[in-house]
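Asker: So the sequence lines, in the order shown, correspond to chains A and B.
The first sequence begins at 1 in the working numbering and counts up one residue at a time.
The second sequence begins at 260 in the working numbering and counts up one residue at a time.
Each hint can be trusted.
Covered stretches of chain A (chain B as the covering partner; in silico rule of three or more C-beta atoms under 8 angstroms from a C-beta of chain B):
no.: 1; stretch: 3-13
no.: 2; stretch: 66-74
no.: 3; stretch: 121-134
no.: 4; stretch: 199-213
These are calculated hints, taken from the structure and not from any lab test.
Every residue, glycine too, gets a C-beta built ideally from N, C-alpha and C.
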Amino acid sequence: MLTKRIIACLDVRGGRVVKGIQFVDIIDAGDPAELAHRHAAAGADEIVLLDITATHEGRGTLLETVKRTASQLFVPFTVGGGIRSAEDAAAVFDAGADKVSINSSAVSRPELIGEIGSSFGAQAVIVAIDARRAAGSADPVRDAEVYVSGGRKPTGLRVVDWAREAEARGAGEILLTSMDSDGMRNGFDCELTRAVSEAVQIPVIASGGAGSAAHFAEVFLAGKADAALAASIFHFGVTDSRALKAEVARAGVPMRLPC
Amino acid sequence: MIAVIDYKAGNLTSVVKALRFLGADDIVVTQKPEDVLRADKVVLPGVGHFQATQLLEDLALTQAVREIAAKGTPFLGICVGLQWLYEGSTEAPNTLGLGHFAGQCERFPATYEGAELKSPHVGWNSLEDVRADSRLLKGVTPGSFVYYTHSWRAPLSADTAASTMYGGAFTGAVERDNVMGVQFHPEKSAETGLQVLKNFLEL
Numbered sequence: 001m002l003t004k005r006i007i008a009c010l011d012v013r014g015g016r017v018v019k020g021i022q023f024v025d026i027i028d029a030g031d032p033a034e035l036a037h038r039h040a041a042a043g044a045d046e047i048v049l050l051d052i053t054a055t056h057e058g059r060g061t062l063l064e065t066v067k068r069t070a071s072q073l074f075v076p077f078t079v080g081g082g083i084r085s086a087e088d089a090a091a092v093f094d095a096g097a098d099k100v101s102i103n104s105s106a107v108s109r110p111e112l113i114g115e116i117g118s119s120f121g122a123q124a125v126i127v128a129i130d131a132r133r134a135a136g137s138a139d140p141v142r143d144a145e146v147y148v149s150g151g152r153k154p155t156g157l158r159v160v161d162w163a164r165e166a167e168a169r170g171a172g173e174i175l176l177t178s179m180d181s182d183g184m185r186n187g188f189d190c191e192l193t194r195a196v197s198e199a200v201q202i203p204v205i206a207s208g209g210a211g212s213a214a215h216f217a218e219v220f221l222a223g224k225a226d227a228a229l230a231a232s233i234f235h236f237g238v239t240d241s242r243a244l245k246a247e248v249a250r251a252g253v254p255m256r257l258p259c
Numbered sequence: 260m261i262a263v264i265d266y267k268a269g270n271l272t273s274v275v276k277a278l279r280f281l282g283a284d285d286i287v288v289t290q291k292p293e294d295v296l297r298a299d300k301v302v303l304p305g306v307g308h309f310q311a312t313q314l315l316e317d318l319a320l321t322q323a324v325r326e327i328a329a330k331g332t333p334f335l336g337i338c339v340g341l342q343w344l345y346e347g348s349t350e351a352p353n354t355l356g357l358g359h360f361a362g363q364c365e366r367f368p369a370t371y372e373g374a375e376l377k378s379p380h381v382g383w384n385s386l387e388d389v390r391a392d393s394r395l396l397k398g399v400t401p402g403s404f405v406y407y408t409h410s411w412r413a414p415l416s417a418d419t420a421a422s423t424m425y426g427g428a429f430t431g432a433v434e435r436d437n438v439m440g441v442q443f444h445p446e447k448s449a450e451t452g453l454q455v456l457k458n459f460l461e462l
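Sequences are here, hints too, so could you generate the full structure?
Answerer: Spelled out as structure tokens, the structure:
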């Protein structure tokens with residue numbers, strides 16, 4: 001039976017995993033390669049590395065980090081952050097990534113999705129969408145809006161429409177982050193996740209708001225997510241994937257166990 | 260020497276990395292039939308479109324694989340590499356497969372038992388009905404999870420070494436004598452995947 005995936009996300013800056021608290025204090029959470037292995041050994045189904053440096057000088061460091069992290073990692077490994085061209089993507093694949101995640105660059109030039117997909121396969125392209133509910137709308141979920149540039153810029157695009165377009169252009173998966181829920185630890189935005197999951201055929205990864213095992217079960221069962229991603233709850237040993245998955249499985253969600 | 264065939268279908272880095280991790284140090288990534296013919300083992304990875312396998316015919320690699328299959332060289336096809344071992348795929352009807360195994364690869368159905376079926380099939384799914392005499396799957400217990408990402412699948416046959424359920428059962432691994440294939444990605448399937456690659460290296 002196909003299981004739902006639990007994905008551990010590492011936010012990396014200058015070659016180190018960092019964890020932001022209320023976007024102000026950045027705490028050093030460790031070495032990316034070491035943490036990736038620890039997560040994989042603890043049962044995470046996939047690892048995502050997001051480069052939040054996003055400066056030109058940082059690219060070399062990133063590729064080195066990707067290479068080091070990938071060298072002994074035998075679960076799917078996604079890299080995102082600052083990928084603006086098929087060449088950028090190729091360099092990241094060459095360093096050992098299995099998939100790339102593209103966000104702002106796909107919104108500004110949607111052809112990029114197909115360009116990467118034609119060389120590396122659709123399964124290698126994740127389109128990440130930062131979404132915010134439309135507060136003033138009669139249907140805030142249906143009208144939820146896509147934001148870019150790290151959530152700073154509204155685009156006027158509806159999330160559901162953009163997800164459909166990304167799929168049509170050859171995206172292999174959608175990584176949907178709810179900006180309303182992100183960092184709150186009050187649970188994923190299940191309604192928004194469900195709306196996107198029902199709008200597309202490709203898998204949808206839910207992100208933003210994980211605080212407990214119950215939240216994961218909820219986004220799989222009510223939100224129809226195919227995978228769920230979390231960063232901070234896995235750091236500092238707050239919970240490990242194996243314990244989390246056992247609990248989610250008890251709620252009736254198929255999980256890869258033992259792992 | 261292990262020949263890993265590069266036919267420009269996706270990323271070979273992960274496969275080569277996993278083989279090296281398991282101790283294979285003499286690996287040649289190649290497009291040359293002569294490398295395939297002199298190799299002790301041959302791996303055909305590949306993700307993406309079935310159409311890409313046309314290059315195998317164009318580079319005379321198809322004939323080379325036919326020869327090594329006949330002389331007993333262990334051969335492992337991964338993902339599209341498995342599909343190519345069949346007669347063909349509805350994904351690219353004008354591109355012939357090797358035809359080593361009978362049947363056509365077909366797309367997952369849009370619905371199964373009345374419910375919508377998402378495609379591609381992405382994620383960790385279990386291997387069932389693992390054939391006891393499989394050399395490739397030695398030590399792999401039924402119910403072990405492996406990582407899949409694909410939209411086309413190979414049918415079940417007597418050569419199926421393990422099946423997986425998604426919109427009905429399909430071939431997760433196929434094996435007849437020295438010619439083998441896996442639809443999943445062993446290089447991304449944690450311990451179970453490494454076990455499969457180790458079994459292949461030890462043939």
